[in-house]
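Between the sequences and the hints, there should be enough to build the whole structure, so can you do that?
Each protein sequence line maps, in turn, to chains V and D. Note that the first sequence covers residues 1 to 314 in my numbering. Note that the second sequence covers residues 1 to 289 in my numbering.
Hints were generated in silico from the structure; no laboratory data involved. Among the hints, a few may not be true.
Said to hold, decoys possible - When the alpha-carbon atoms are kept at most 20 Å apart in a straight line, the in silico EDC-like pairs for lysine to aspartate or glutamate are as follows:
1) D:LYS99 - V:GLU40
2) V:LYS75 - V:GLU88
3) D:LYS181 - V:GLU40
4) D:LYS181 - V:GLU36
5) D:LYS9 - V:GLU88
6) D:LYS93 - V:GLU36
7) D:LYS51 - D:GLU247
8) D:LYS239 - V:GLU40
9) D:LYS239 - V:GLU71
10) D:LYS93 - V:ASP161
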Amino acid sequence: MDVISIKAAVAKDNAAKITGSSNTHAKPKKIRNVFERAAEAIFFISASTAILSVAAISVYIFTQGAPAIFEIGIKDFLFGTTWMPSAEEFGIFPMIVASVCGTVGATVIGTVIGLFTAIFLAEIAPRWLASIVRPAVELLAGIPSVVYGFFGLVVIIPLIDRHLGGGGDSLLAVIIILAIMILPTIISISETSIRAVPLAYREGSLALGATHVQTIFKVVLPAARSGIMASIVLGVGRAIGETMAVILISGNTVQIPNALTDRVRTLTANIALEMPYASGLHSKALFATGVVLFVFIMTLNLILNVFINRKVGE
Amino acid sequence: MKKACVYDKMIYFLIWFFAAATVGILAWILVNIVSGGIKHINWEFISSMYKPGLDLHGIFPMIISTLYLILLSLGISAPVGICAAIYLVEYSKPGKILKLIRFATETLSGIPSIIYGLFGYIFFVITMRLSWSLLAGSLTLSIMVLPAVIRTTEEALKSVPLAYREGSLALGATRLQTVVKVILPSAIPGILSAVILNIGRIVGETAAVYLTFGYATRIPSTIMKSGRTLAVHLYLLAKEGASAEREYAYATATILVIIVAVINILAARTAAGIKKHFTSDAYTEGGNR
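Written out as structure tokens, the structure reads:
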């Protein structure tokens with residue numbers, strides 16, 4: 001689900017249904033009919049490439065990865081704590097922990113900052129100020145992830161090293177950079193869904209004597225709940241899938257972190273770091289890592305669909 | 001009442017504080033990257049080859065590789081995406097197949113780029129024997145940007161007023177003629193802004209490109225050759241971590257940020273153009289009706 005589609009869904013203001021509903025067009029000549037049909041076929045095939053791609057991706061990742069999971073053993077693979085390809089030990093538990101911790105931490109921070117910024121943009125900011133902040137958020141969304149990683153490397157890591165020690169490349173650095181990266185997603189979708197709350201809700205609340213702040217937190221936000229939740233789930237998806245930025249700042253040591261300043265390696269980093277030279281079971285184990293990631297993402301997509309399909313403002 | 005007042009003020013403070021934090025973070029990143037990089041950007045940096053052994057640190061090959069990748073990826077994904085959007089907006093009827101296509105595009109847009117990289121690697125690079133090449137990279141990226149191209153093109157098509165279609169059909173044009181001669185021309189600005197936004201995505205992509213296009217530092221002479229995009233270059237410079245290379249990493253990051261900023265401005269301009277186009281046009285059309 002991309003930002004635009006969700007915006008379209010939460011805003012629910014699709015301008016009239018425009019599906020050229022013309023079962024009554026003039027009867028064309030035969031040759032013209034052939035063109036028409038050929039064109040429609042081409043359009044249809046193009047649209048079907050999406051289905052084909054999803055099928056191909058799922059099949060390839062699973063057929064490459066699933067056998068390895070059984071060869072290693074589901075328990076040893078998912079809950080094993082040693083990742084040592086040279087000794088044929090493939091336990092990804094530390095990386096699952098790292099991915100989950102990094103994502104949860106980033107989501108908590110990103111949600112707090114993002115949600116308040118969204119409230120600011122939708123409810124509080126004067127128009128001129130919003131017209132400065134909004135492009136800033138869009139720019140934040142456009143900055144390539146590797147630039148965020150580089151920023152983390154040259155700014156955040158030394159900062160952590162100076163104040164908390166431990167070298168700086170750590171779970172904390174991952175959390176901070178991922179939080180910044182998911183900010184624009186959370187802000188723009190939450191803002192759209194807050195704006196989609198009918199004005200009457202606010203008027204009713206204010207008329208009952210509630211203050212502006214009470215109205216925002218007791219009326220508007222609950223009404224925009226599903227859109228906000230969708231934005232958070234989407235942010236989680238972005239955080240858990242991020243790879244290159246994370247490699248630059250996480251230290252990439254396979255271990256279960258005991259502290260925020262410990263080095264970690266995420267699932268995604270594991271794939272990108274070792275894929276270029278892996279072979280045999282090692283390579284298959286990396287695909288299996290991909291399978292785990294894929295399952296995570298699919299679960300998130302399902303959750304997301306639940307939120308999207310709920311009507312906004314109910 | 002007094003208590004509520006204090007509470008409200010605190011909340012107001014928090015809202016302003018976090019909004020300022022968002023803008024502050026952006027400013028912090030921009031100032032840091034650009035101030036660290038802008039002084040190292042000069043003609044030599046942009047136009048020379050990358051041969052660290054010969055003390056050449058230019059990014060010319062990376063710029064060309066990035067351009068090639070953009071052109072080929074969009075060359076594949078734009079026609080397919082636009083045709084798919086036409087099907088979805090103009091032809092499709094509600095039903096199982098439509099639901100399946102929607103589900104597929106939504107799923108595609110949720111898949112993280114590393115999974116695309118993994119798929120591209122096993123499918124295009126290994127199975128199809130394309131090795132690390134411009135072609136393998138472009139094919140992978142075109143699948144990756146496909147849902148976004150479809151989505152944004154759909155929006156552009158939907159923003160074409162219904163009256164255009166009705167007018168064309170009423171004049172006896174067929175559905176295909178209506179699409180090609182009436183709807184597409186009116187939707188071009190919107191499609192253009194879709195394409196521009198996806199350029200930004202291709203420029204910024206690292207994980208999928210790294211696993212399919214590789215990182216050779218020469219200019220790819222054919223589509224079967226490997227190459228290194230700006231983003232991958234920045235990644236490798238940053239990862240290798242030699243402090244002497246830091247300035248070149250800063251400069252590369254600055255160039256990436258500048259490209260993205262330009263793309264954002266262009267896309268916003270085209271998008272604004274569409275609104276203007278239709279509000280003025282639709283009114284005159286409406287007036288004549």
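- [ ] Would you list, in rising numerical order, the hints stated earlier that this structure does not obey?
- [x] Failing hints, ascending: 5, 8, 9, 10.
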